[in-house]
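Visitor: Take a look at the letters that make up each chain.
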Amino acid sequence: MKAILVLTSLGIISLLAEIFRFRRALYPIVILGLMGAIATTVSYWWYDDGDFAKYFGGMINFEDSSVIFSTIIISTGLLWFLMSDTFFNKENPRTDLVALVLFAMVGAVILTCYTNMAMLFLGVEILSIPLYVLAGSRKDSLSSNEAAFKYFIMGAFASAFLLFGIALVYGATGSFNLGVIGQVVEAKKEVLPGFFMVGVLMLVVSLLFKVSAAPFHFWAPDVYQGAPTHVTAFMSTIVKTAAIVAILRLFLSVVFDDITSFWMPVILVCVGITFVVSNVSAAVQNNVKRMLAYSSISHAGFLLLAVGAFNAYSAKAIVFYTAAYSVGSILAFAVLTNVIKDHTGGPVESFNGLGKKNPFMALVMTIALLSLAGIPPTAGFFGKYYVFNAALQAGHVWLVILGIIGSLIGVYYYFRIIIAMYFKDANEEASVEPSKQHQLVMFVTAVIIIVLGLLPDLILGIGSAAEVVAAK
Amino acid sequence: MNLTLTEILFFVLSAITIISGALVIFSRNPVYSVLYLIVTFFAIAGHYILLNAQFLAAVHVIVYAGAIMVLFLFVIMMLNLNETTEPKTALWSKFAAVIAGLTFLPLLVGALKTSEAVVMTQPQNSDIGLVKTLGQVLFTDYLVPFELSSVLFLSAMVGAVLLGKKSTEETN
Amino acid sequence: MSAIQIIPIEWYLTLSAILFGMGALGVMYRKNAIILLMCIEMMLNAVNLSLVAFSAHHSDPGAQVFVFFIMAVAAAEVAVGLAILIMLYRNTGTTDVEVLNRMKW
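Chains A, B and C supply the protein sequences, listed in that same order. First residue of the first sequence: 0, per numbering that gives the first Met the number 0; consecutive thereafter. First residue of the second sequence: 0, per numbering that gives the first Met the number 0; consecutive thereafter. First residue of the third sequence: 0, per numbering that gives the first Met the number 0; consecutive thereafter.
Just chain A, with the same shape it has in the complex (with noise of 0.2 Å):
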């Protein structure tokens, strides 16, 4: 909860600097207010989780899997702010998007808290409206307004579902509270109403558009691609995490638990489609960032496949595989954004010899790319392990399979871009030097990576408490 509000907090600073003129010293008070926030969110670690609902009349509720993904997102959002120094000038910062940035991160913290469909709403859309104008922030650019466009009817058609969802299942149970719903749900399990099972699907169905999953996922590469490289990072990250907590607090605790019949099969072939879709669009691609962009909808059915296996091994894969991920993809994103400066990406061809022309960015590029390849020793490694674990005790052979394929076309696309590195020849362009900030912003998450592939153990006993105990 401190979260929230020194976040928001950040963000009416930060809109008070262009007023009081302190706009130069703005972007260290953020770094600092961030890392702020995430002593404050661990500090809650060692809190007695009851005192929550008593203070905050039922609506959120920090457990220990709230701290561990609000530590995620913060952290992931401390180093995105670290890596886009350049998105809004850091010697003379554009306040109004530092201030929507800051927004937004207050409603992915709301999204891993919420125990009330109102927190859910207002967190999703949150995270969202910031999102919608960050999306469009080149006002320029006829793609960057395409994304902001394609994105904003997307996401509020989808949040027109998310409500007709809570409408529904509030019709049926009389309680907006997942505590309550899942009592009412247990107990009448035999005669619910027609249109509560219709709610629970459409809540399915639009978290799934917010976490980009196939079928849902056809707005995902135009928004990726045409928004801004910086924002591409934080919605592949931050909004991805945000999302997949959404649905991991609302599905895989007690409020839904005693249905699983009827929304598994959903997320399940899902998951599926998923997995063929964006990898085989993936390996046809030759934008770097478009790839990426497909690259991220085929994580969120890693993710979704972990949600899917409902067991005990499933939140400590999420929590493994959110970390090990939104690491690997903001080193990747830093160092597109140095070698490939047009906002709309550009080909493979982009990165031919970076590793004469700079062999530090060569080699965490690919620390990064082997990551999301998913192979050891690298955090990805360990998040696909997990994973598929989970599916497996669970007995989704074929999603584990499909899942595997996916993986080996996903070796092949990444791979065009380390071969592009280290085997063809550079172009004529002129040599890329990265900042000193984003030098260590890349050597900082490359050593992440190594060390979470290395030491596993290290956040996989946190993760296995990160079971969500959901609403009392």
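Keep in mind the hints are simulated off the structure, nothing from the lab. Check before you lean on any hint, since a few could be wrong.
To be verified - 25 Å max Cα-Cα, derived SDA-like pairs, lysine to any residue: (1) 165/B x 85/C; (2) 423/A x 347/A; (3) 356/A x 437/A; (4) 165/B x 14/A; (5) 165/B x 20/A; (6) 164/B x 85/A; (7) 164/B x 88/A; (8) 188/A x 9/C; (9) 89/A x 31/A; (10) 30/C x 17/C; (11) 164/B x 12/A; (12) 30/C x 25/B; (13) 435/A x 187/A; (14) 30/C x 68/B; (15) 93/B x 218/A; (16) 165/B x 90/A; (17) 187/A x 9/C; (18) 187/A x 4/C; (19) 165/B x 17/A; (20) 138/A x 152/B; (21) 30/C x 152/B; (22) 165/B x 139/A; (23) 93/B x 93/C; (24) 165/B x 23/A; (25) 93/B x 30/C; (26) 138/A x 156/B.
Said to hold, decoys possible - Label-pair distances were calculated between CB atoms; the ranges are: (27) 93/B x 187/A: 38 to 44 Å; (28) 23/A x 57/B: 44 to 50 Å; (29) 362/A x 69/B: 55 to 61 Å; (30) 91/C x 91/A: 26 to 32 Å; (31) 132/B x 260/A: 53 to 59 Å; (32) 69/B x 414/A: 54 to 60 Å; (33) 90/C x 217/A: 20 to 26 Å; (34) 77/B x 311/A: 54 to 60 Å.
Predicted model, so just to flag it, every value in this text is computed and none were measured. Where a beta carbon is used, it is the ideal one built from N, C-alpha and C, also for glycine.
Given chain A, put chains B and C in place with the hints provided.
Guide: Then chains B and C, alone, in the frame of chain A:
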């Protein structure tokens, strides 16, 4: 069969809602669409009054018909869109739209064969739509979302200004 | 005396499902961006109607408070949506969504 006044009102309002809603979709001219949408909103406000949600009906008319639709009209006038310049919709997308519309058939079926599971549990209370009751609930149980919606408004405001203003100073 | 005691909840649900379906149909059918926005408003109103009916049915003011939140979010969404629309119009000179096909699937 003899209908009570309430039932007659319900059917009349429903007919207005559905017909004007259909006209919103099928009008060629956006200005007509806005006007029909306002009619729809008034019909829905009528439903709210029938359901004893008087305060909500007032707020609904003020917010939707008064603010949101005026915003729509303003934009239509500003961009001078009141001519029918829209191209014909392609056949396949008409087909897709009809398929999508038909997806709601299961919902209708589900709604119609509702079992007795949703019997009224509490005694009917006609005071729930009053300002006093709503205010009490809003500022006790729903205080956290109420406060957080301010973040939503702030970001919408900043965003609308950011997108709407002419780009003069930014360099990146 | 509330209408919910005379009119079955199923009728309200059917009405709001029809309204929601028409809105969804409009979003897919129409090509004019501003009418897409209106159709989304219509969908949100369908939700509001069903929530108010359920609120009367359960005698619970919570759902009516939820409707306030939906109205607030709808207003914020429209403000941002129209700003995006104006930005789009400045760059393309049209509000026809067919021009938005620069990037292929």
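Visitor: Quick one: which hint numbers does this structure break? Sort them smallest to largest.
Guide: Of the numbered hints given earlier, those the structure breaks are 13, 21, 31, listed in rising order.
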